[in-house]
Amino acid sequence: MTRSVFLSLVFHSAMLIITAITLPFMVKPPIDLPPILSVDLIQITDVTSIPFAAKAAKTLEEVKKKKEEKRVVSEQAPPSEKKKEKPDRIPLPDDTNKEKKQIVKKKQNPEEIKEQVRQASEFEKKELFDPNQIAALIDKSKEDIAETIKKNKKLTQSSVKNAFANGLTLSQEDALKAQIFGCWSLPLGLPYQENLLVRIKLKLKPDGTVLRSEVLDHARMNTPGQGFYKVLAESALRAIRICQPLRVPPTGYEKWKDLQLNFDANEMLKG
Amino acid sequence: MKKLILAIFYVFIFCNSARALIEVDITRGNLDPLPVAVSPLYVEPGSKDVKQGEKIIKNVGEEISKIVEINFRRSGLFNPLKKDSFVQNPDIAHLKPRFEDWRLIKAQALVTGKVVVSDDKLRVEFRLWDVVAGKEMIALAFSTAPANWRRVAHIISDKIYQRLTGEEGYFDTRIIYVSETGPKTQRYKKLAIMDQDGANVKYLTLGNELVLTPRFSPKNQLVTYLSYFRNMPRVYLLDIETGVQEVVGDFSGMTFAPRFSPDGKKIIMSFAEDGNSDIYTMNLETRVVEKITDHTSIDTSPSYSPDGKYICFNSDRSGLQQIYVMRSDGSNIKRITFGKGLYGTPVWSPRGDLIAFTKVHKGRFYIGVMRPDGSGERLLTENFYQEAPSWSPNGRVLIFYRETKSDSEGKGFSAKLWSIDLTGYNERLVDTETDGSDPSWSSLLSN
Numbered sequence: 000m001t002r003s004v005f006l007s008l009v010f011h012s013a014m015l016i017i018t019a020i021t022l023p024f025m026v027k028p029p030i031d032l033p034p035i036l037s038v039d040l041i042q043i044t045d046v047t048s049i050p051f052a053a054k055a056a057k058t059l060e061e062v063k064k065k066k067e068e069k070r071v072v073s074e075q076a077p078p079s080e081k082k083k084e085k086p087d088r089i090p091l092p093d094d095t096n097k098e099k100k101q102i103v104k105k106k107q108n109p110e111e112i113k114e115q116v117r118q119a120s121e122f123e124k125k126e127l128f129d130p131n132q133i134a135a136l137i138d139k140s141k142e143d144i145a146e147t148i149k150k151n152k153k154l155t156q157s158s159v160k161n162a163f164a165n166g167l168t169l170s171q172e173d174a175l176k177a178q179i180f181g182c183w184s185l186p187l188g189l190p191y192q193e194n195l196l197v198r199i200k201l202k203l204k205p206d207g208t209v210l211r212s213e214v215l216d217h218a219r220m221n222t223p224g225q226g227f228y229k230v231l232a233e234s235a236l237r238a239i240r241i242c243q244p245l246r247v248p249p250t251g252y253e254k255w256k257d258l259q260l261n262f263d264a265n266e267m268l269k270g
Numbered sequence: 000m001k002k003l004i005l006a007i008f009y010v011f012i013f014c015n016s017a018r019a020l021i022e023v024d025i026t027r028g029n030l031d032p033l034p035v036a037v038s039p040l041y042v043e044p045g046s047k048d049v050k051q052g053e054k055i056i057k058n059v060g061e062e063i064s065k066i067v068e069i070n071f072r073r074s075g076l077f078n079p080l081k082k083d084s085f086v087q088n089p090d091i092a093h094l095k096p097r098f099e100d101w102r103l104i105k106a107q108a109l110v111t112g113k114v115v116v117s118d119d120k121l122r123v124e125f126r127l128w129d130v131v132a133g134k135e136m137i138a139l140a141f142s143t144a145p146a147n148w149r150r151v152a153h154i155i156s157d158k159i160y161q162r163l164t165g166e167e168g169y170f171d172t173r174i175i176y177v178s179e180t181g182p183k184t185q186r187y188k189k190l191a192i193m194d195q196d197g198a199n200v201k202y203l204t205l206g207n208e209l210v211l212t213p214r215f216s217p218k219n220q221l222v223t224y225l226s227y228f229r230n231m232p233r234v235y236l237l238d239i240e241t242g243v244q245e246v247v248g249d250f251s252g253m254t255f256a257p258r259f260s261p262d263g264k265k266i267i268m269s270f271a272e273d274g275n276s277d278i279y280t281m282n283l284e285t286r287v288v289e290k291i292t293d294h295t296s297i298d299t300s301p302s303y304s305p306d307g308k309y310i311c312f313n314s315d316r317s318g319l320q321q322i323y324v325m326r327s328d329g330s331n332i333k334r335i336t337f338g339k340g341l342y343g344t345p346v347w348s349p350r351g352d353l354i355a356f357t358k359v360h361k362g363r364f365y366i367g368v369m370r371p372d373g374s375g376e377r378l379l380t381e382n383f384y385q386e387a388p389s390w391s392p393n394g395r396v397l398i399f400y401r402e403t404k405s406d407s408e409g410k411g412f413s414a415k416l417w418s419i420d421l422t423g424y425n426e427r428l429v430d431t432e433t434d435g436s437d438p439s440w441s442s443l444l445s446n
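In order, the protein sequences belong to chains L and W.
Numbering follows numbering that gives the first Met the number 0, with no gaps: position 82 of the first sequence is 81.
Numbering follows numbering that gives the first Met the number 0, with no gaps: position 357 of the second sequence is 356.
In isolation and in its complexed conformation, chain W is listed as follows (with noise of 0.2 Å):
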């Protein structure tokens, strides 16, 4: 028996032996941007100018080119390579790279195309090709009026950079936020909306009365913001589609950050009575109001997680404001954030893994993540004054706000959005045309 015991044994390691292959680990690679060529698009002869409005837009190829290529450096994943170093010209590029020459500069993908404009239609081609392989990614082709180049070339980005990185893009989408103007012991503050990229710039309200808080709808085109009407807070929604605001309830007492829940149907906010600020939500269909927290402490800022089933919101009933997750219907409520300062404006991601924050320590400002059980807290930026964070649609970046210190008579004063991703190293400045403050980020519009 011993024998056979053995012999099986030895069998065993002979067959393992006879088949071992080698395996070497790869542990460490580099960590640099991604580098991308992107090839002017190919504007085909007989294709018209673009106009938009007093402008002509000559080469509509190349300018979508450009967009591409600011979005892709702007998201901080990818390092768009100089068009001056392009040995290969638009013209034959678009039809068979000559991959050889763009390997020469580095590139590892290259993005071709080709564009034809009539009177009443623009069709673009765009082809995405791995450089080393040789092989074509993705190559899709869209049409549309002419006028909408701009959001052609954002499609065309978040494409790319859906098939480079397996996540959705975020460049497809616009931004509401509260245009301010004027000194700050008087600010006149508008609602206005941009894409990502800071163009576009609309006003939506005239600047009579106050806007706060514009929050973008997850599932569609609507916001919901709060105004003031003859000194009473109004809870608003508005389409952006077709213009249309209505009136969601006037409140007695103040009313603080409405809030969509994740599939737009309710709106969940806080409401101050006496001195004392609880949870509510209204069903957008029925306007039934229902209280969610009962408390004699401030409860404020609630957020949906992605799938509905819990809400975020901050909370001083510990004695100091904190952080606090609890079931929808308001019940199992636990405290998730125990450092040191004080924890506010917590809002949960659209992937669901993390919560983002405004954290006040020793008088200075941080917005940071941390996971929804409070684990793993990490600090992306810090400043004088910053808050408000807003999630992009693939809960990669967050935009926020942030004051600079002005002296007594407000010199010196601005308010800008400013982007971060979750890496905390790509913190940059959203281009407004005024100073701006409570931005919130759309859902994709080519969903």
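Chain L extracted, bound-state conformation (with noise of 0.2 Å):
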């Protein structure tokens, strides 16, 4: 019985100096490092699980305090006040206002457009209402859809391609297209899986200035995952602006005041 308490009593104390030997070598001594991550912007400590906390738990904490001690809280946010403050600072409304008078004016100037515009829509109308042009109608609109469908698969029933047979010809269509060409500025960086064409709407003034633009696939914008797409029809919007007055040609204001611009990345980006 004491010769097994005695040995009893030698093995537990050899384990116990050979674990106060051996550990403290498994175990490294913390890096002392400089505090390398002091701005408080983020949210790191949500994301952070640390999965031998059991250690790490009491040095975490006392970090994080000692952190908190020295952090201003910091903020991120849009100065929104002073937009209320000062709204005359932003310039997009002093632009918008000019659009606006602009188009008063416009209303209440000049009968010369109304006659004109009347005159080209009763012009168009008997164009439209002769029967000897039906044949021919049928035959466009028959070449058109075949080029739709070559070019672009995704163009909607209303708008038919046909800039040669309704307004603008071939170097008319050229000489706009070169224009566009040297003010579009690509976004670097676009993903080239996925479909890169915006489709902007326009109505123009009879200089070829824009009276109202407007991206037809609005909604694609704030569609999650497609951030780029925002992206791709700012550039196009920010590449009609650098273009106005657009090259558009002297007469025929009444087919072409309504213009649609397909900007197609897709096509370039492939190659």
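A few of these clues could be false.
Said to hold, decoys possible - Pairwise CB distance ranges (calculated):
no., chain 1, residue 1, chain 2, residue 2, range
1, L, E193, W, D328, 27 to 37 Å
2, W, V86, L, L169, 35 to 45 Å
3, W, G274, L, I20, 33 to 43 Å
4, W, E99, L, P223, 29 to 39 Å
5, L, P223, W, L103, 35 to 45 Å
6, W, K65, L, G181, 26 to 36 Å
7, L, D173, W, Y424, 25 to 35 Å
8, W, V86, L, E193, 52 to 62 Å
9, L, E193, W, E381, 21 to 31 Å
10, W, S330, L, P223, 30 to 40 Å
By construction, these hints were calculated from the structure, which means they are not laboratory data.
Everything numeric in this text was worked out from a predicted model, so none of it was measured.
Virtual Cβ for every residue (Gly too), placed ideally from N, Cα, C.
Mind assembling these two chains? They're in different frames, but the hints should get you there.
And the structure:
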């Protein structure tokens, strides 16, 4: 009995000594790191899950406490108050007002334009109602449909691709294209695999300046995972603004006053 | 009946033609980087100088704008315009930019802002303007300790990058790498960490033990790396925030390339025993080790897909070293590379759309990318010796290291970190104090 108690004591003390000697070698002392992370705009702590938290928990808490003491609470908010205080600082409303004024002027002003519009529309109506033109129209629409299918499967029914037939000659269309090519800075880093077609509908003034522009697929701009589309659409709108007044024909305003530009980055990126 | 159909057809044609809209396809544009003007941030009167160690920074607004500029230039997506050409001064520009002045120098976007520095607080406001449309695109304010002004500059860069490209930025990140000094035959290797632009280098180990393959967790500021302790490879975990490090395990055989799973809860690595190397995972909470591959060949360099469902790795089971993809449980193994040469170090992009790899062909080393099914292989850069690509958190840029040729005595040898973007045109040296190898990119710090 005494022998086994003695042996037990010897073994236990041996174990304690071995543990005391070996354990410090097993665990490395913490590295004394300078406080390299002290900007606190972040919620790293929310994300951080430390698997060996049992050992590190205390140290972590201490570090966090220290940080919080030092931290001046960070903000990340748009200074919207300023906007309210000084709305005149934001240039957009000014521009919009100008545009509005111009529109108003146009409405109040020359009757000539109205006449032109009326004449043109009457002329068009005559053309359309002419039974001799029906055959030609059928042929044109067939060509258009074929072209549309070839070039772009996503065109709507209302938009028939017939710039030449309806308002612009080939050289006029080329001139317009060449002008916009020079103004359009494509955002780099677009995802090649995605649909990169932005369709913008324009309302033009007779001198080619843009009265109104509308992105046709604007719903896509706020679709999650389609952030690039908003950027692409903005680049297209920017191109139009840089380019204006657009190189439009001096005549036939009624035909091209509504214009749709299809900015297709796919074709260029895929080469 | 025929007449009716004909009439309907005519009506259809009539309606169609009446609503016809002229369409013009724009299929070409300018692929140059976007011209951006970064106006120096206006420092409010009464602001104090920023002290950073022994350095005193007098005009922190200008310094922040410089860092934003450098970030933009390095990204290859933007062209920051020269400040000499700016017509409007920062004191006015931060209030209301005169867009005509900025259009004059062909800027399409403009960054303005102001800085207020007090004893213990730095407040930075910035605004991004669409110069052409003449409107504000984003406006944010940050407050922090003055010593953190560099990070604020990186965060601003990220916000602008995101607004202008539609994808997350990667400037507020850090890179961990193996710092190397000494002659080729006797290299001292230390674990080092720095900001992505090479600033704020810190050394985490002393150099008395060999360190290899540091890898950041994709979720947080944990790093796993391999170090030799008494000639035994050990896998360590290091928390960058606290400096606490811990041994994950001792392994009797050779262990290679530990890497985190996407959720940060597991480590995947290869482990060699009796000349046969297989892939294992270790659960960091339970420390349970699981064997994923079981083959007589050498399976190494495993990397998870971002959804955690698949693993890519390289193996010589077909005779030559090639890249394979399998399910995360080890089933359904498929070879994805069939090109000439050897393929190794596959790393799955954080976006999940590409796998980066190193290729060796006819004695030359290439860094390339391909889709996870092996299609669309693109070699981005070629050199004498380069390997170990690591993705930026937005999956747009790769960092890797490149070694130079040396003579038999090791003269002329150097190892440097380089970055390249997915276009393959924007290749840049990453400045480091010493030589460096085995870089790993962290996730965004401000996530």
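Going down the list of hints, with the structure as the test:
Restraint check, L/E193 to W/D328: a C-beta distance of roughly 32 Å satisfies the suggested window 27 to 37 Å. The hint said 35 to 45 Å for the Cβ distance between W/V86 and L/L169, and at roughly 41 Å that hint holds. In this structure the supplied range 33 to 43 Å holds for W/G274 paired with L/I20, their Cβ-Cβ distance being about 35 Å. Range check, W/E99 to L/P223: Cβ separation about 37 Å, and the 29 to 39 Å hint holds.
Judged by the Cβ atoms, the range 35 to 45 Å given for L/P223 and W/L103 holds: they are separated by roughly 38 Å. At roughly 31 Å, the beta-carbon separation of W/K65 and L/G181 lies within the given 26 to 36 Å, and the hint holds. Distance hint check for L/D173 and W/Y424: the Cβ-Cβ separation is about 30 Å, which falls inside the suggested range of 25 to 35 Å. For W/V86 and L/E193, the hinted distance range of 52 to 62 Å is not satisfied, since their beta carbons lie about 38 Å from each other.
Range check, L/E193 to W/E381: Cβ separation about 29 Å, and the 21 to 31 Å hint holds. One distance hint, 30 to 40 Å for the beta-carbon pair W/S330 and L/P223, holds here, with the actual separation near 32 Å.
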